[in-house]
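Residue numbers (my numbering), protein chains in the order written: chain A, 128 to 494; chain B, 128 to 494.
Do not take every clue at face value.
Identical chains blur together in the list; that is why a pair holds if it fits in one copy or across any two.
Said to hold, decoys possible - Pairs of lysine to any residue, SDA-like flavour, derived with a Cα cap of 25 Å:
| hint | residue 1 | residue 2 |
| --- | --- | --- |
| 1 | K152 | H313 |
| 2 | K177 | E286 |
| 3 | K324 | L387 |
| 4 | K324 | L383 |
| 5 | K301 | H167 |
| 6 | K152 | L130 |
| 7 | K301 | L369 |
Just so you know, the hints here were simulated from the structure itself, not pulled from any lab data.
Computed from a predicted model, the values in this text were never measured in an experiment.
The lines below spell out each chain.
There are 2 protein chains.
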Amino acid sequence: MALIAPSNRVRRTVFSEGVEAAGVKAYSVYNRMLLPSVFHSMEEDCRHLKSAVQVWDVACERQVQVAGPEAKRLLQFLTPRDLSRLGPERCLYAPMTDQFGGLLNDPVILQVEEDCFWVSIADSDLRFWIQAFAACNGFEEVVTEPDVSPLAVQGPKAEALMARVFGDAVTGLKFFGVGRFSFGVHSMLIARSGYSKQGGFEIYVEGSAYAMPLWNALLEAGRDLDVRVGGPNTIERIEAGLLSYGNDMTQDTSPLEAGLGRFVDDAALEVCFGGRALMEERAAGSVRALRPIAIAADALPPCDRPWLLLAGAEPVGQVGSAAYSPDFGEGVAIGMVAASHWDAGTELSVETQDGTYPARVRAEFWI
Amino acid sequence: MALIAPSNRVRRTVFSEGVEAAGVKAYSVYNRMLLPSVFHSMEEDCRHLKSAVQVWDVACERQVQVAGPEAKRLLQFLTPRDLSRLGPERCLYAPMTDQFGGLLNDPVILQVEEDCFWVSIADSDLRFWIQAFAACNGFEEVVTEPDVSPLAVQGPKAEALMARVFGDAVTGLKFFGVGRFSFGVHSMLIARSGYSKQGGFEIYVEGSAYAMPLWNALLEAGRDLDVRVGGPNTIERIEAGLLSYGNDMTQDTSPLEAGLGRFVDDAALEVCFGGRALMEERAAGSVRALRPIAIAADALPPCDRPWLLLAGAEPVGQVGSAAYSPDFGEGVAIGMVAASHWDAGTELSVETQDGTYPARVRAEFWI
């Protein structure tokens with residue numbers, strides 16, 4: 128494997144110093160920013176995530192700030208998710224679509240003030256879309272990228288660690304609940320959320336002054352909890368069915384195809400820019416969809432390219448994410464599969480760069 | 128230095144097989160795609176680029192295709208460059224701006240058919256901006272990312288090599304001239320352009336069928352020209368004053384500040400979305416601008432973060448790109464400098480992660 132070339136264009140984060148001190152082995156790049164990906168090995172990082180607690184530098188989940196009296200109305204044009212339940216105490220996962228229903232990003236939206244929202248983005252320049260849409264439709268909302276760096280605390284012991292650093296009240300947050308909690312004299316926005324199924328929180332760190340102090344405080348307070356520095360783990364997030372924009376779906380994918388139908392609300396479709404296309408797709412039925420795919424293999428190469436799914440010799444889809452799962456003793460994968468072959472139990476095969484393996488459509492993800 | 132984590136989200140290219148065979152040492156990521164950056168060392172790659180010829184995988188310069196009868200009129204709304212001279216035989220460098228005159232990207236636009244243009248982009252999702260602007264302003268142009276992968280042939284012997292593979296006619300192309308030339312039975316769009324000052328061409332390879340055959344043909348035909356696989360070289364492009372979006376300028380930078388005033392045409396400002404802001408900036412004068420900065424040093428750390436420029440103790444700007452140049456025996460850099468300190472000859476200092484060095488504003492780039 129090759130190194131990552133240092134470049135100012137691939138931005139460091141306010142936590143990079145801590146990431147380096149922890150001995151990061153591999154980075155990805157996400158929103159033109161470093162995303163620490165591997166510390167020990169993907170397998171060992173996964174095992175640890177499931178048993179203890181990790182601190183993740185996910186500053187690359189940049190925020191697009193939309194500020195102004197009509198900000199919420201503006202955002203409702205951009206997502207098929209009904210934003211009426213979005214509030215200061217509750218953030219929402221809100222896939223955003225273009226006029227054809229194609230996914231532009233699948234962010235979480237937070238209401239940080241009455242007239243100010245943060246769209247916490249996956250890996251694409253959603254700011255361009257929001258800013259252009261706003262400017263061309265007479266919105267005077269101000270669209271910026273504020274200096275905010277999410278830090279995730281994930282794992283079964285995340286709650287215990289967070290309580291030590293932020294006080295017991297933080298454990299009262301419900302899933303996707305949001306609140307402000309004190310770190311010393313500084314108040315921080317915290318959500319019970321994150322890109323794992325092990326439970327945890329995301330802390331939206333503003334500026335850089337408190338970034339490394341918070342990082343160090345978490346590592347110090349969690350010593351007896353076996354806290355480690357980690358990052359989003361490919362094995363665990365596939366087992367959990369957590370999708371990755373760019374891996375599992377792109378602008379060519381609709382939220383319905385991506386299995387995100389529960390975030391496509393009838394109430395929002397009349398207003399949403401891509402609403403008509405999604406209504407038509409819903410009426411006609413999708414022709415393909417993401418499915419959990421089990422791969423019969425003792426090991427897998429890195430899924431660094433789309434892997435063709437075959438029914439006999441017929442191409443019926445492709446895998447966008449995959450890894451060998453030590454816990455389940457098979458390859459875990461997410462694949463886009465044609466309707467003709469998407470039923471649970473369907474036997475397929477998958478072509479990787481290292482050979483072809485038997486594959487099977489599953490009914491559910493693993494965890 | 129850490130490794131780059133393999134991921135389907137960070138796309139391989141149609142030339143990746145050749146890049147790997149050539150022993151790539153480091154990648155960057157550009158438009159969510161692998162950009163090979165180092166093969167021997169940055170210094171040795173630079174020396175070779177200046178003396179022979181290199182083949183570069185720059186597939187990450189993705190194309191945004193804008194197709195439809197009003198495509199050119201649409202594009203003129205998005206750039207302060209007058210597109211009237213753009214034609215099938217001439218491509219144009221056309222910085223694109225938001226409504227505040229901030230740079231969104233600095234692409235080259237090619238007219239590939241009467242009603243079809245390729246916007247060959249730097250590292251940002253310009254497609255989002257173009258598609259949103261078009262859709263919100265009643266344009267029915269179709270905006271897509273076609274399967275096109277630029278391959279650059281750069282260096283003083285580029286012309287000789289290209290003539291061997293595409294025939295002598297290709298040497299008749301003028302700078303930014305465009306034409307179609309045959310590779311076997313296949314016709315390829317070729318421009319005399321590229322991200323070096325050593326002379327060369329960019330071949331817009333459509334699909335994958337002819338990608339590796341072309342790659343191999345170039346390496347085979349250039350054996351006695353000492354052809355090598357290479358990539359955009361940080362040292363050479365700074366010496367030449369070739370700017371990098373994300374390093375030297377961002378959405379917070381105007382084309383005037385970036386020294387791109389010669390691509391801001393009066394005729395275009397009335398129409399361009401950011402035109403009013405640019406007219407105001409031009410009338411008032413810019414408050415800062417990019418300048419070549421010489422750094423007195425025998426070696427420099429990688430410029431992987433902005434470096435503060437100081438006049439005494441006063442911050443007056445920052446460096447976004449820098450490298451030690453063996454040919455000039457000093458650090459070569461591009462910095463954004465306040466008007467108060469931008470005159471050639473101004474003595475400054477620059478703070479790097481490894482210490483502070485004397486710096487001086489230069490009148491011109493090095494080559």
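TODO: Provide an ascending list of the numbers of those earlier hints which the structure does not satisfy.
DONE: The structure breaks hints 1, 5; every other hint is satisfied.
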